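Engineer: Line order of the protein sequences matches chains D and H.
1 is the number of the first residue of the first sequence in my numbering; add one for each residue after it.
1 is the number of the first residue of the second sequence in my numbering; add one for each residue after it.
Just so you know, these hints were derived from the structure itself, not from any lab.
Note that the coordinates shown come from a computational prediction; the quantities given were computed from them, not determined experimentally.
A hint or two may mislead.
Claimed, not checked - Quick list of the computed label-pair ranges, beta carbon to beta carbon: (1) 233/D <-> 215/H: 25 to 33 Å; (2) 449/D <-> 298/H: 34 to 42 Å; (3) 13/H <-> 230/D: 56 to 64 Å; (4) 13/H <-> 210/D: 38 to 46 Å; (5) 18/D <-> 85/H: 37 to 45 Å; (6) 259/H <-> 414/D: 42 to 50 Å; (7) 42/D <-> 103/H: 25 to 33 Å; (8) 449/D <-> 259/H: 32 to 40 Å.
We put the CB at the ideal spot given by N, CA and C, even for glycine.
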Amino acid sequence: MPTLDKDMADYAVAEAIRAGADYAEARLQWNMEQNASTKNGEFEPPGYEETFGIGVRVMHRGAMGFGATNILTRDSVKELATNLAKKVISAGPGFRNKIRMSDEDTHIAKWGAAEKRKLEDVELSTLVTTLKEIDSDMVSRHSPDVLKFRLFGLGLSLEEKYFTNSNGSKIESRVPRVGIMGVLTAADSGSVVQRFIQSAGTGGWEVFETAKMKERMRDEADTVVKIAGKAEKFTGGSMDVIVGPEVTGIMTHESVGHPQEADRILGREGAQAGESYLTSSDIGMQVGSPLATVIDDPTIPGTDGYYLYDDEGVPARKRILIKEGRINEFLQNRETADVFGVKSNSAARAAYYNVEPIIRMSNTYVEPGDHSLDEMIKEVKDGVLIKNFMEWNIDDKRYNSRFVGHEAYRIQGGEIKGLVRNPVLELTTPKLWGSVAAKTKDLIFDAATCGKGDPSQGIPVGHGGPYMLLKGVSLSGR
Amino acid sequence: MVEPAELVSWVAAAADRLGADSYDAVAVRLHEGQARFSNNSLTIINELKTENVAVYLTKGKKRILGVVSSTNKDVVDSLVGRLYASMNSGASEAEFAPLPKGPFSYTIRVPHDRDHDQFDHASYAQRAIDAAVSAGASRVAGSLISQHYRLFLRTSSGVEGSDERTSYSLNIRAFTDRDASGHGIAVSTKGKALDVEGAGRLAGERAAACRSPKQVEPGVYTVLFGRTVFANLVEAVGYSASAYSVESGLSFLPPKPGEQVASQNFSLVDHGQVEGGADSRSFDDEGVPTTSTTLVMGGVLQSLLHNSTTAVRFGTKTTGNAGLIQPHPWNLEVSAGDSTIEEMIRETKHGIYVTNNWYTRFQSYKTGEYSTLPRDYAFLIENGQLSHPVAGFRISDSIPRQLKSIRLIGKDRSWIKWWEVHTPTLAPDVLVDGVTVTRAVS
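Please construct the entire structure, taking both the sequences and the accompanying hints into account.
Structural biologist: The following block contains the structure:
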């Protein structure tokens with residue numbers, strides 16, 4: 001692991017200011033990713049990657065530029081900072097809408113995710129042995145004639161950063177992560193079922209145990225085989241639906257978190273990830289039932305979207321996006337906060353040294369309720385339990401969403417019945433959140449990689465919540 | 001700065017010193033520039049200068065892949081040492097092919113743009129914005145990005161080569177109201193040839209033409225896929241053609257050539273190098289000269305895409321598409337048909353014309369069942385005529401079914417590469433029957 005040369009980052013900021021910038025920030029960032037993978041029981045070549053460089057962002061009279069290099073000599077960094085400042089000054093007339101940063105306190109801090117077993121001490125052989133155990137267990141339980149394809153990747157990642165800006169903030173951080181992904185494909189009697197699985201968390205190697213990754217993979221294999229063999233065709237209709245925490249989570253991410261990103265609302269992502277069904281004046285608008293309270297919180301230890309300061313040096317805090325069915329606040333960085341006349345709520349994140357910080361979610365979830373799952377099921381006379389999903393998407397204003405069930409069961413007379421194949425929920429955002437009629441006490445997170453930005457940045461996020469009962473919604477079959 | 005060839009020589013010396021059986025090192029020096037804009041105003045200027053070297057080592061039945069992001073010799077030595085040690089603690093593999101023996105000779109058929117580093121992204125972006133506004137747009141957003149890279153490869157099997165490429169792409173979206181927008185794309189390997197005004201004008205005209213769109217009734221339609229949408233689906237075909245995808249259950253294509261997978265009028269080729277192909281390369285990551293590989297001819301699957309190792313497993317030869325683990329397409333070309341867009345509209349009794357889409361997701365890559373969301377200019381077609389603009393619907397279908405239901409293919413084509421299409425694809429408009437369209441319940 002390289003030493004983060006803090007003087008180099010401070011130097012970049014000083015040189016950008018010297019070249020005429022009225023604001024500058026620099027982020028030294030080192031990312032290490034190590035992984036092992038298997039395909040149908042055979043090992044693929046493992047991977048080890050380090051990216052290390054400096055990203056510099058400068059402003060001049062409302063114009064903004066970002067530059068990056070991994071050539072970490074003083075000459076190279078000076079060239080980057082000064083040339084960038086000159087380019088931004090020169091491009092100034094094209095910035096018709098002048099950019100300003102919200103005033104924020106300066107901070108000097110050092111933080112890190114708690115870790116018991118440091119990832120530097122984990123050998124590749126440990127990843128290999130672990131994957132072999134997972135795959136062998138699966139083969140012992142299921143015939144390869146049914147469980148046709150098994151693809152696994154087990155990875156460790158470390159991220160170390162030093163952030164400094166011309167306002168005086170200086171922040172160091174270290175975030176280790178452990179993650180596993182799997183793709184399982186089962187075929188039985190002409191029926192083909194596929195499942196993508198992702199599980200991850202911040203922390204040391206102990207995360208593999210605490211997240212029960214091995215058990216998760218085994219259960220997923222059992223389920224995909226069961227669905228291929230037993231699930232019956234689902235034709236749809238108007239009924240009650242219970243969605244599991246994985247579905248609750250993707251719903252929060254897609255139809256609450258994304259449309260409440262202030263940069264989308266202002267149109268900055270218009271040609272890429274799109275805009276929002278919300279406008280800047282929609283704070284307070286009712287979009288859900290009183291049970292719909294949706295939160296985004298980066299400060300939950302162990303989650304995949306954990307951080308304590310964002311990549312603009314703003315201290316992280318919990319954001320209540322929807323409160324009892326009403327839009328409560330948007331996700332803001334310093335640029336959008338100035339437009340909205342508020343303070344940043346610490347949503348600026350950058351995936352690597354070579355990309356600008358942009359507004360991102362962290363861990364987005366529905367506030368739990370007071371039901372048990374059994375109580376909830378008993379309340380449903382005619383419905384479906386959709387535990388998790390495969391296909392999903394949403395329009396680029398985040399209004400028209402679709403979630404297609406993977407493990408799903410018919411509920412009749414308050415009892416779970418047989419498996420059904422691919423029930424399709426296709427609802428508008430207000431219809432979805434307006435249908436929430438009950439929630440369980442659970443708060444279960446899943447991990448995901450969220451894509452946004454141009455160049456596209458994949459960033460680790462968590463999302464989840466309880467089981468939710470959606471009353472009287474329309475379902476179809478696939 | 002360190003010359004890519006020197007970076008590679010450091011890796012090679014370290015690999016030899018450590019006792020690796022074989023090595024493959026690819027160093028890339030990248031200069032990337034970008035102007036992003038929204039609401040008719042620049043939002044950021046980006047500038048990126050990096051040097052990285054990808055390293056592949058083998059010893060016995062073990063391999064490892066790594067990326068080293070440093071131009072410091074001591075750091076490179078140390079990281080190659082770490083890779084070697086890590087490989088030795090890893091697992092043996094059942095089978096992999098030795099690196100192809102060189103030397104090979106390479107031809108750069110598409111020269112790079114020597115003026116790249118002087119390209120003014122901000123002013124070109126402004127020209128695109130102005131063209132869109134002149135055509136009727138009230139708001140314009142987009143991104144203009146360019147890349148110039150120099151690449152040097154050396155393997156322990158006597159292969160050595162260098163390459164230098166440039167690419168430029170503009171993605172522009174114009175709005176006239178919240179639900180009316182149009183999209184334009186320009187792609188080129190030369191900066192001065194990038195038609196920013198044409199892309200901006202098209203986006204603006206389409207945004208102006210589709211104000212106040214209406215809802216679509218769910219059902220089965222003939223869909224006229226504009227070339228940007230079709231390129232998105234064809235890219236999925238290209239990745240399904242990777243032998244790695246077939247081995248992993250991530251392909252809807254059969255493992256052996258000879259099967260009818262599409263209508264007879266559909267043919268698809270992958271080009272390692274082609275005029276206009278923004279991801280052209282003269283050799284792949286194993287140093288094998290790239291070539292043109294016919295994937296589908298007359299609707300019949302002709303070949304998958306291979307590297308040396310997948311080729312051994314499938315009993316064939318590499319197609320020059322390595323990826324050391326996953327073979328992948330370089331630049332895809334769909335053969336032109338003989339229809340004009342007007343003829344295809346006239347041939348449609350009850351259909352929809354879609355010009356852009358996003359968020360394509362699969363229920364199963366093995367079956368090809370997917371859905372995607374049209375966005376921007378879309379029109380209902382009734383009795384051979386454009387009827388009125390439509391929005392707020394979803395296409396929910398299967399790519400294998402659609403490939404076999406292509407009725408007509410357009411004679412005009414464009415290179416497509418943007419946020420939702422990563423592999424440059426020369427695509428026509430196509431008319432497909434029997435497409436299921438759904439809509440969210442409100």
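Engineer: Which earlier hints turn out false for this structure, listed by number in ascending order?
Structural biologist: none
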